[in-house]
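Student: Taken in sequence, the protein lines are chains A and B.
Numbers in my numbering are just positions in the first sequence, counted from 1, shifted up by 17.
Numbers in my numbering are just positions in the second sequence, counted from 1, shifted up by 745.
Please note: incorrect hints may appear among the correct ones.
Sample of chain B residues at the chain A side, in silico, Cβ under 7 Å [what the hints assert, rightly or not]: (1) Thr751; (2) Pro796; (3) Tyr797; (4) Glu801; (5) Ala804; (6) Arg805; (7) Ala808; (8) Ile883; (9) Ala885; (10) Ala886; (11) Tyr937; (12) Gly939.
Chain A residues, not near chain B, derived (Cβ > 10 Å throughout) [what the hints assert, rightly or not]: (13) Asp236; (14) Arg247; (15) Thr262; (16) Gln459; (17) Ala475; (18) Gly702.
Worth flagging that the hints you see were computed from the coordinates, not collected in a lab.
From the three backbone atoms N, C-alpha and C, an ideal C-beta is built for every residue, glycine too.
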Amino acid sequence: MMQLPPALADWFTAKGWTLHPHQWEMLARAGDPATLLIAPTGGGKTLAGFLPTLAELTTSPAKGLHTLYISPLKALAADIRRNLRTPIEGANLPIRVEDRTGDTNYSQRRRQRADPPQILLTTPESLALLLSYEDAPRIFAGLQRVILDELHALAESKRGDQMTLLLARLQTLSPGLRRVGLSATVEDPPALARYLAPDTGILLADPGPAPDIAMLETDTPPPWAGGGGRYAIPAILEQVKRHRTTLIFHNTRAQAELFFHDLWLANTDDLPIGIHHGSLSREQRERVEAAMVAGALRAIVCTGSLDLGIDWGDVDLVIQVGAPKNVKRLVQRIGRANHRYNAPSKALLLPANRFEVVECKAALDAVRDGTLDGEPRGPGPRDVLCQHVLMTASSGPFDADALFAEVITAGPYAALTRAEFDATLDFVATGGYALRAYDRWQRLKLTQGLWHLRDPRAAVVIRQNLGTIIDVETLKVRLKNRAGGTPLGEVEEAFAATLTPGDTFLIGGQVVRYEGLREMTVEVSRQPGRDPKVAVFNGTKFATSTLLTQRILDIFQQDRWPDLPAHTASWLTLQREVSRLPDAHTLLCESFPHDGREHLVVYGFSGRNAQQTLGLLLTKAMEEAGLAPLGFVATDYATLIWGLDAVQDAAPLFDLTALQDGLETWLAGNAVMKRTFRASAIISGLIERSHQGRRKSGRQATFSSDILYDTLRKYDPGHLLLQITREEAMRGLIDFSRIEDMLGRAAGRIETRRLPRITPLAAPLFLEPGRIPVQGAGRERLADEAARRLMAAAGLA
Amino acid sequence: MSYALTLGNESLIARPSGALHWPGQQLLCVSDLHLGKAERMARRAGALLPPYDNRETLARLEAEIEAVGPRTVICLGDSFDDGASLAGLEEDTRLWLARLMAGRDWVWITGNHDPGPLDIAGTHRAEVQIAGLRFRHIAAAGGVGKADGMANAGGVAEISGHYHPKVRLAGKAWRCFLADAQRMILPAFGTYTGGLWADDAAFDGLFGPAALAISCGGTVARAMPKPRASTRSR
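Pulled out of the complex, with its shape left as it was, chain A reads as follows (with noise of 0.2 Å):
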């Protein structure tokens, strides 16, 4: 086993701190291939996972670079570098730690190159750039370790998948090479594991002590439907005042933003209350921070964009308001309040409305129990593997075989067969167009044996575009007549585009008119005092999770709720009472008139986006049987049809694979696909990505991915790029497959009832806001009926 060795040990005494076994154990397996490291929220974990690279390096000091860190945030590069500076510069260790981000600066990163420091911190994309380059086999011939941080969030994206491949690079480039993972809590670590490498040893800390964690009852009943929390204000306030540091997240911009205006409104105390989330400008984000870390703030209004381990201070409640939709993603979120080791975090759940206090209890419970949920991820999409290719390529020549051989030690693309590789290289050389068009245009060749670019140069457009994450197209949001002041906000450029000059909207907190655009900026007014036209701005709609909606399933067959509160239990009571409430096995639809209409609920319980896709292709089958719908909204629970006749046995338009091929003619012009197009040809290479600056001047040069997109499935449907944007769309917004689940689970027993009004469970969803109409056969008869009707009147008929 590893020491740790004296100076070291002796620095630890002196400051009183003893490591944690984990810490410990992590020492003794510093010699292992592979370790992943799961261990709570303050546990240790950076440290852990450093102890090994500074023991070895204490010992036997080496030149060159030792040790490379990658978390997927810039800040905890920066963060990191700080907290390592202690150690080392207190035990006086001869170690050179330094990062490297997209901020550090062009002669510090060349200098990085021809000298590197013994431990590098760093994000993928700077890595991906790193191996570019055509000395990275010198830069990396003697790496002993690399340390992901935060693997669990990494694992979740495109990020990720380009990080196994990349790992699989420096595997090659030093074999020696081990690997450490760092994580959060997660479901299955087997599979986190498996993503890491093929023989990766598993760590669990000790995950400390349960969190302290409870619905927050309020004196108003939750409304019936809607989101943002807005009824619980005054708990709410009252709970910050009782606390240090309260966190209140959301799951959405637009929701933060329409609870922290009311929330101020509300305040009569003036207590300091920030908002954080990512609209809003890096200056007005950094400012929120500082003010956090200062200890001045009381609350932070938050979304997603406060989730990473970015270390908080002095939180000691968070508050989720709305059900969390995702029990892993709630667990991490609880880990943010009292970020100490061995002490209990304190979480408070807030319904927004009445079907979540149901939703909430299911994920109380579920929390208690220790399960956490998660969507196996899939294969690795081969956009990203395209730009590996142009990556490697831009490194210097390769071997096709040695690449495959490479590639597929990578986790997500352990099962890539041989085939689908080539393809993916002929992609990347040829375009894959069923045209062979650019025999003398290339862009790689094969000459000898070796793969390499036609014309070098390419590199430096290919060093550009490097990284999966694809910008929204955004637009800055500055108040009129100030130029030079601080930016309000972004907002995507398709929001701005639906805006009029009067439109108000809310940004930053406040309510603002839209005055106009000049130079791509948004340009505002403040209007205090206005009602906001709902802003609908980047919403990200996350859906409620498979264990999430089993769990809810299973509350609804208990005999009777004692453990809900009296509105909800009443209310599912009733349900009962005049139909039943679904369960798992069977596909509960219900049939009834309401205000002059015909009406159809299906309880899938399938989650916001798949309900939706659910929708459209039901009215679709519904239009062409003649039942003439006339529009539809979805909920994570439902999808609620309504038109003109009654549905009395729903079981027909369920067959799978009509389904299905409604769901590719509809897909085909979507916006949907055009968008998920956008960013698989941005990674795969086959569009640079526009830089904010080149879109103010170049204008003409660049064109839009829509024309790309039809003009490929008008000339050569099958390209590569149309199946990845169909892979991608099917797992992502239209969340086919689990409609597929749905159905399967359901096995054909599909029950209808016809009723004769509308049910208890179902009213919530005449509430809901999102209504789509359908334009059909239903219109036009409503349309008939008028103008017969008026004839009719006039005596005409």
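Given the coordinates of chain A, work out where chain B should sit on it, guided by the hints.
Tutor: Here is chain B on its own, set in the frame of chain A:
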């Protein structure tokens, strides 16, 4: 559905395709075809874009020619993406172009992308005047006729391309014509082309206050007031 307008003393039709029809002269005018764009990107070691832009552009041009049956076709410049684009055209594209040109007067106006002598049939001109209309690639700043010393009062109006104007309508970007009584700028007809917003300062000195933007790209050409830079923030 097309949009009819008067430029100078001539009656013209802005078609939803982005082509301009002059019935009085049996003339069809298109601008900025940028043929060979994908091939040029590939040649310059950029991305390998779907190599279907030429056939898509020519298919739309053919449809316009069939619909209008012009005696004369004017391509307003930047017909080819660069000097080597013409040579790089696939054989079938060249033949297709030749078929379209057969039996009619075809005028290639020189653009900044295709300045050189082009090895293709037809008339090659820096600019051309027919009746009261002058065709050139880039709009001449100041008075319409000033570039060659002609007085504006002569009633000569100008038609040009180059800028690829586009406009926002109902939350979507559309290619558009820009026009007032004396001047018109055509949208780009080429498939792989982007655009310049109609309220860009580049258009400031070119149009009077009553200028129109006529959106195209769908099935209808719709006229609206041209957004102006000076009113952008009002």
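Student: Give a verdict on every hint.
Tutor: Hints, one by one, checked against the model:
A least Cβ separation of about 28 Å between Thr751(B) and chain A goes past the 7 Å threshold, and the interface hint is therefore violated. With 7 Å as the threshold, the beta carbon of Pro796(B) comes within range of chain A, its nearest partner Cβ sitting at about 3 Å, so the hint holds. Interface hint at Tyr797(B): satisfied, since its Cβ lies 4 Å from the closest Cβ of chain A, which is below the 7 Å cut-off. The interface hint given for Glu801(B) is met, as the beta carbon of that residue sits about 6 Å from the closest beta carbon of chain A, less than 7 Å.
Taken as an interface hint, Ala804(B) does not check out: its beta carbon lies about 10 Å from the nearest beta carbon of chain A, beyond 7 Å. Hint status for Arg805(B): violated, given a least beta-carbon distance of 12 Å to chain A, over 7 Å. At about 14 Å, the closest approach between the beta carbon of Ala808(B) and any beta carbon in chain A exceeds 7 Å, and the interface hint on this residue is violated. Hint on Ile883(B) is violated. Least Cβ distance to chain A is approximately 12 Å, over the 7 Å limit.
Against a cut-off of 7 Å between C-beta atoms, the interface hint on Ala885(B) is violated, since the closest Cβ of chain A lies about 19 Å away. A distance limit of 7 Å between C-beta atoms decides the matter here; for Ala886(B) the minimum to chain A is near 18 Å, and the interface restraint is violated. Annotation: interface hint on Tyr937(B) holds; nearest CB of chain A at approximately 6 Å, less than 7 Å. Given hint, Gly939(B) at the interface with chain A, holds; its Cβ is 4 Å from that chain's nearest Cβ, closer than 7 Å.
For Asp236(A), the shortest C-beta to C-beta distance to chain B comes to about 43 Å, beyond the 10 Å cut-off, and the non-interface label holds. Residue-level check passed: Arg247(A) sits 29 Å from the nearest beta carbon of chain B, beyond 10 Å. Chain B leaves Thr262(A) outside its interface by the beta-carbon criterion, the shortest separation being 40 Å against a cut-off of 10 Å. Some Cβ of chain B comes within 10 Å of the Cβ of Gln459(A); the nearest lies about 8 Å off, and the non-interface call is violated.
Remark: the non-interface label on Ala475(A) conflicts with the geometry, its nearest Cβ contact in chain B lying 4 Å away (cut-off 10 Å). At roughly 6 Å from the closest C-beta of chain B, the C-beta of Gly702(A) falls inside 10 Å, breaking its exclusion from the interface.
Checked against the numbered hints given earlier, the structure breaks hints 1, 5, 6, 7, 8, 9, 10, 16, 17 and 18 and satisfies all the rest.
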